[in-house]
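Undergrad: Top to bottom, those sequences are chains A and B.
2 is the number of the first residue of the first sequence in the working numbering; add one for each residue after it.
24 is the number of the first residue of the second sequence in the working numbering; add one for each residue after it.
Please keep in mind that the hints were generated in silico from the structure rather than gathered at the bench.
Think of the CB as a built atom: it goes at the ideal place given N, C-alpha and C, for glycine as much as any other residue.
Worth double-checking, as some hints may not be accurate.
To spell it out: a stretch of chain A is covered by chain B in this simulated footprint if at least three of its residues, at any positions, have a beta carbon under 8 Å from a beta carbon of chain B; those stretches are [to be verified]:
| # | region |
| --- | --- |
| 1 | 83 to 89 |
| 2 | 129 to 143 |
| 3 | 174 to 183 |
| 4 | 212 to 221 |
Chain by chain, the residues run as shown.
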Amino acid sequence: MSKHLLRVENIYKSFGDNDVLRGISFHLDKGETKVIVGPSGTGKSTILSLINMLVPPDKGHIYLEDIDITRTRDVHKIRQNIGFVFQDFGLFNHLTAKGNVMIGLTKVKKMGKKEAEEIAMEELRRVGLENFADQYPAQLSGGQKQRVGIARALAMRPKLILFDEPTSALDPELTGEVLNVMRKLATEGMTMLIVTHEMGFARTVADELIFMEDGVILEQGLPEKLFTNPEHPRTREFLFKLTDLYNEGER
Amino acid sequence: MFLGSLLEGLQKTFAIFLANYPALLRGLTVTIYLTIITSIGGIILGTLLALGKIYGNKFISGIVTVFIGLIQGTPLLVQLFVIYYGLPAYGIRLTPITAALISFTINSGAYQAEYLRGSIQSVSSGQLKAALSLGMTRWQGIFYVILPQALRRVIPSWTNEFIYLLKYTSLAYIITAQELMGEARIIASRNYEFFKTYLLVAFIYLLLVLLFTRFFRRIERRFTIPGFEFKR
């Protein structure tokens with residue numbers, strides 16, 4: 002029995018000649034928020050796809066509470082425990098905000114309509130969108146869409162939520178409202194694994210920071226340590242550059 | 024002079040209608056019956072074929088592709104003849120109406136499969152990924168997320184298909200199914216007013232097409248997803 006909620010062990014993955022991940026290991030405890038940072042194209046999003054079993058690894062294991070999810074056959078049952086928030090929101094266009102949050106409850110969890118509706122409204126309230134329940138995705142702003150995406154993931158009562166660059170498709174004005182929701186979830190004890198370029202957010206919210214480059218983890222540890230006194234020169238270069246670029250060091 | 028003869032012609036045409044409206048109405052009923060049943064049958068068959076072609080394994084997808092190719096590559100009239108005149112050789116005897124229903128449904132299904140395939144593929148792949156991430160199985164994702172969006176997008180093509188069927192069911196008269204065109208032929212062969220009788224029938228078809236087009240436009244609007252309205 003391990004006490005970790007999620008264990009990623011020595012994962013390798015390549016697409017053709019491109020070795021995207023070359024031996025990735027880390028773990029996530031219940032209630033923990035970890036943020037993966039690093040340059041583009043270093044396999045950060047691929048890790049999330051692997052944990053959500055959208056692609057299988059070439060080598061290595063991923064355990065969710067001692068179940069090896071890379072070896073399981075009931076993939077869709079495992080996925081019910083893992084929420085996913087997409088960069089492009091992935092809202093179902095033909096359903097209202099409420100419908101988007103409800104569909105997983107009614108179709109996957111086979112919940113009654115009334116109960117599902119109550120939970121949906123509760124989660125929409127949690128992300129501050131109770132007044133937008135009957136709006137369709139095309140009628141919402143990007144920030145609102147992403148908050149519906151988060152509410153949809155939350156409604157399934159997942160053991161952890163994966164965030165794949167949740168604010169990359171948003172302009173800075175809308176980024177804040179999404180980050181605020183995520184910050185609130187972190188303080189409420191939600192277990193989250195987040196890929197993001199928002200350094201200010203990473204620094205203040207993450208329990209631990211994972212710095213990746215070229216398919217390997219160069220360094221992981223407390224955000225304060227990585228930001229102020231990193232061991233690896235590449236970590237220093239990357240984090241300082243981004244912090245300078247966005248002038249977010251003080252945020 | 025010209026106006027006078029035109030008016031007279033119209034009067035005579037109307038007289039033909041009055042003299043024969045029970046038969047015309049009977050034919051009209053058969054035409055509408057054929058069209059509605061075969062278009063709905065075509066939707067169901069087309070949906071199954073499209074799903075088989077896109078999501079089926081290599082074997083199923085291959086069979087569907089060959090089937091659609093065969094149907095699209097041969098004339099509708101030939102298909103009608105094969106089913107009505109060809110099948111009795113194997114002990115399957117069909118009434119003209121049943122033969123028409125079957126061949127029009129198969130034909131329409133093949134075409135509708137291609138319409139639907141296009142619209143399924145136009146729904147972004149991220150939608151299925153999002154469905155999977157909620158814990159849906161692939162087929163749940165297809166039925167609850169992909170199809171509801173794809174079926175909406177295909178309504179304009181289906182309007183077209185319905186109108187094609189409305190007119191092409193007139194071919195059924197050749198195998199003696201008494202639909203509108205069949206009745207018209209009988210009427211004309213009795214009164215010898217071929218031009219006016221067929222003109223009258225053409226007018227009835229035109230009226231039907233206009234009526235159903237309006238009806239489907241309304242359905243299209245009714246099912247438009249808010250935020251996706253077409254704006255000039």
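Undergrad: Now tell me if each hint is right for this structure.
TA: Hint-by-hint comparison with the structure:
1. 83 to 89: holds (count 5)
2. 129 to 143: holds (count 5)
3. 174 to 183: violated (count 0)
4. 212 to 221: Since 0 is below three, the answer is violated.
Violation of the numbered hints given earlier is confined to hints 3 and 4; the remaining hints are satisfied by the structure.
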